[in-house]
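Enquirer: Be aware that the sequence shown starts at 5, since it is given in the numbering used here, and climbs by one per residue.
Simulated from the structure, these hints should not be mistaken for lab results.
Be aware that one or more of the hints could be misleading.
To be verified - Below are the BS3-like pairs computed for lysine-lysine, each with C-alpha atoms no more than 27 angstroms apart in a straight line:
{"hint": "1", "residue 1": "Lys-83", "residue 2": "Lys-100"}
{"hint": "2", "residue 1": "Lys-59", "residue 2": "Lys-100"}
{"hint": "3", "residue 1": "Lys-51", "residue 2": "Lys-66"}
{"hint": "4", "residue 1": "Lys-122", "residue 2": "Lys-59"}
{"hint": "5", "residue 1": "Lys-122", "residue 2": "Lys-100"}
{"hint": "6", "residue 1": "Lys-51", "residue 2": "Lys-100"}
{"hint": "7", "residue 1": "Lys-100", "residue 2": "Lys-66"}
{"hint": "8", "residue 1": "Lys-66", "residue 2": "Lys-83"}
{"hint": "9", "residue 1": "Lys-83", "residue 2": "Lys-51"}
{"hint": "10", "residue 1": "Lys-122", "residue 2": "Lys-83"}
{"hint": "11", "residue 1": "Lys-122", "residue 2": "Lys-66"}
{"hint": "12", "residue 1": "Lys-59", "residue 2": "Lys-83"}
Claimed, not checked - Estimated spans, in silico, between C-beta atoms of each pair:
{"hint": "13", "residue 1": "Leu-39", "residue 2": "Asn-136", "range": "21 to 29 angstroms"}
{"hint": "14", "residue 1": "Pro-117", "residue 2": "Asn-141", "range": "25 to 33 angstroms"}
{"hint": "15", "residue 1": "Asp-200", "residue 2": "Asn-67", "range": "34 to 42 angstroms"}
{"hint": "16", "residue 1": "Lys-66", "residue 2": "Ser-193", "range": "24 to 32 angstroms"}
{"hint": "17", "residue 1": "Gly-181", "residue 2": "Phe-50", "range": "41 to 49 angstroms"}
{"hint": "18", "residue 1": "Pro-147", "residue 2": "Thr-184", "range": "19 to 27 angstroms"}
{"hint": "19", "residue 1": "Gly-181", "residue 2": "Lys-100", "range": "37 to 45 angstroms"}
{"hint": "20", "residue 1": "Gln-211", "residue 2": "Ser-120", "range": "49 to 57 angstroms"}
{"hint": "21", "residue 1": "Val-35", "residue 2": "Glu-135", "range": "25 to 33 angstroms"}
{"hint": "22", "residue 1": "Asp-92", "residue 2": "Phe-50", "range": "25 to 33 angstroms"}
{"hint": "23", "residue 1": "Leu-23", "residue 2": "Asp-92", "range": "57 to 65 angstroms"}
{"hint": "24", "residue 1": "Asn-141", "residue 2": "Ile-33", "range": "39 to 47 angstroms"}
For each residue, glycine too, the CB sits at the ideal point set by N, CA and C.
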Amino acid sequence: MKHPTCPPKLRSCWRGFTLAELLIVITIIAVLAVLILLSLNPFTYFKRAYDTERKDDVYQLKNILESYYADHEYYPDLKVVLADCNGDSLQPYLDKVPCDPNTGAAYASYTLPVGSTKPQQYVIYAPTTSENFPDANTVDQCPDTLITSSPGISQTAIIIGCGGKGLCTQYYGCKNGACTQVSFDSTVSCTPNSCDSDCGGVDCAAQNGQGGYINECLP
5 MKHPTCPPKL
15 RSCWRGFTLA
25 ELLIVITIIA
35 VLAVLILLSL
45 NPFTYFKRAY
55 DTERKDDVYQ
65 LKNILESYYA
75 DHEYYPDLKV
85 VLADCNGDSL
95 QPYLDKVPCD
105 PNTGAAYASY
115 TLPVGSTKPQ
125 QYVIYAPTTS
135 ENFPDANTVD
145 QCPDTLITSS
155 PGISQTAIII
165 GCGGKGLCTQ
175 YYGCKNGACT
185 QVSFDSTVSC
195 TPNSCDSDCG
205 GVDCAAQNGQ
215 GGYINECLP
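Could you build all of it, start to finish, from the sequences and the hints given here?
Expert: Spelled out as structure tokens, the structure:
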């Protein structure tokens, strides 16, 4: 910084920043950096990065499990194999058994026949943590979960495997402003739906400004 009475051509009068001035500049930069970081919400990016890795894991598992089946005519016992996190239980098909990138927990699975060490069908589940992650809500009864499965497995088996969430003998949903039964078995083709005959307390008669029902059970 220049002395107020210093002639422009006399360099000896010029001096550097004082410590107080440097501290003020550093503080301003730090505050701006924090504000930018908060606006970007880094936790959202971390969660999405973990979910992307989970998605890669389950699809990689699907590919190698089909190769395993082609060689053996059955799938491996997934409860044993997937519990071997970062282990070699899937060699030579896969060097290390993948596990959740954040928690280190084993991915959940469900196999048929139940209890068989040489199953013919399987489902693998990877819970997600970021909001509205692509492919994480393909089954209504297993929300926020990435799912991969063997060919031909039933929707009912997939639902049972993720804890039987919402698995009912019949389903109810809003149709034309009233709660009505929309399925007579364990599968349903419209959402939102509920196991309860009151549609889970949803106001089926609620309308928008144009008079259309807003809680209809739609395909």
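Enquirer: Tell me the hint numbers this structure goes against, listed in increasing order.
Expert: 19
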